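A.B. asks: Residue numbers (our numbering), protein chains in the order written: chain A, 1454 to 1720; chain B, 3 to 264.
In case anyone wonders, no lab produced these hints; they're calculated from the structure. Note that the coordinates shown come from a computational prediction; the quantities given were computed from them, not determined experimentally. Where hints are given, some of them may not hold.
BS3-like, lysine-lysine: derived pairs with alpha carbons at most 25 Å apart [stated by the list, open to error]:
1. B:K230 - A:K1564
2. A:K1560 - B:K152
3. B:K152 - B:K30
4. B:K31 - B:K152
5. A:K1590 - A:K1459
6. B:K31 - A:K1684
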Amino acid sequence: MLEPVKGGLWYAYVLGSLILVAALLAVLSLLPRRAKRYIVMTVTLLGGLFYALEFFLPTHPMMVGDDPNADGNFLTPFIVPMANVLPAISACAVGLGVINLFQLHGKRALKRNADSINSIAFFVSCIGMAAVWIASKQPQASPLSKALGKILFEGALQNLDATMFSIIAFYITSAAYRAFRVRSMEATLLLATAIIVMLGQITIGQLLTAWIPPRYDFLHVEVIRNWILTKINAPATRAIAIGLGIGSLAVGLRIWLGLERGSYFDE
Amino acid sequence: MEHATTGARILIPLWSVIIVAVILFARKKDLFIRRIQGLSAIDEAVGRATETGRPMICTTGLGIDGGVEIVTLQALSIVSYIIRTSARFATRAIVPVFDPQMLAITEEAVRESYAQEGRPEQYNSDDVRFLTNRQFAYAASVAGIIAREKAAATFLFGYYYAEALIMAENGHQVGAIQIAGTPATTQIPFFIAACDYVIIGDEYYAASAYLSREPTQLGSIVGQDIVKGFILILALVGSAIVSVSAFAGSATGTLFTQFFTK
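Go ahead and model the full structure; you've got the sequences and the hints to work with.
C.D. replies: Next comes the structure, spelled out in structure tokens:
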């Protein structure tokens, strides 16, 4: 049942799934809100239980996927098929996202005000990119469509991403200027720490204290930098991470056991 | 596949029982949690947006692996509170969505927030918008919305990566009052540098309890604190055991460490 199928059976599976999902959605839409809530809670509980049991139950050496030396229990072989459900949901969600974008920008383009040009640009780039990319991935794709696909993806999109990423350097400078202004005891401490860490990171900074004899090497700027990072920074980060982990466990338990309140959970 | 170590098999269920027990206890008795400045400032930020007549931008982040995640749902829970507050003053809130899987959930949560305040007509479907699920394209889009709409307040909750500073600095440039909260420890310094208020660490997960004062969530926070106390004691005892056994040449420290790693 969990193995991929081919040929006529594939079409039967797809058609059957579509009919099943349509029937399921029709039944769900007729149900009262309280019943929907119980269905959501039951599915959440069962889904969570599967992953919790798979994680906590004792394991033994077994073949998992293509790995003959993996560890697992009787639930482990079902992890991959369960995970395969997610891309299907994701694909449907992308469709919804695109519909949302088309609705929003369609309205704006029709308004014909100053912002309409941005919405028209959206339609041109979205449809253009999709058309070129689909054409370039065909088995009989022409060299022109392949070249266009490469220009749009590698030449335009990736470089635009890189441009946005590189802008961060300027934002870091302006944010650091504000953060390091000496206005209080904390800001002064932050500034002093930042100077030590930055100097310890670069060769010229390390040269400043290179003359200090080895017996006093704890005064070398790179040693102080390491001490700050490993003895102050790392424990603080780990403490935050522990708090976050426990917080995440608590929220997960509330959702899993149906104790949560708010959207989808109240009657 | 990763599986539980001996320590995890014992401790995680134990902690879960503690948290659930305190949640059930909190339903019968009032519990107290301390003031969180960043969350108290939400009303101030909404007030600023109302006074200036400019919109607010509320984002729920990129998520850790994408899709529907606890981190993003928590951010949505905070955003729902912000929208309920803003609905009372008819202040516009724009919610840009990164992950298409979160779009329907976000639309529903925002619509319900307006309905809860008795203002369902204020819900504008154009204000909950899916932008893109590419990191820097999303950052550019949010920065563009902040600049074009001259946002009076920005609320940056959820999981962020390098794009955090792009959004926060753009908010700062338009003079928006900014409140951020993220479990991403690498982005906390950037938010601290660029935002007015930052919610750090497990305050992020305490936010919805603090804002709603709902007994279940308050109980969850107190349960978390008890578990953290337990972990603190475990860390101190563990440090002592490992140090003393290393000094004495005993194997007890190794056995103690293996309890958590194997």
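A.B. asks: If a hint holds in the structure, say so; if it does not, say that too.
C.D. replies: Evaluated hints:
{"no.": "1", "hint": "B:K230 - A:K1564", "in the structure": "violated, 55 Å"}
{"no.": "2", "hint": "A:K1560 - B:K152", "in the structure": "holds, 22 Å"}
{"no.": "3", "hint": "B:K152 - B:K30", "in the structure": "violated, 46 Å"}
{"no.": "4", "hint": "B:K31 - B:K152", "in the structure": "violated, 45 Å"}
{"no.": "5", "hint": "A:K1590 - A:K1459", "in the structure": "holds, 22 Å"}
{"no.": "6", "hint": "B:K31 - A:K1684", "in the structure": "violated, 41 Å"}
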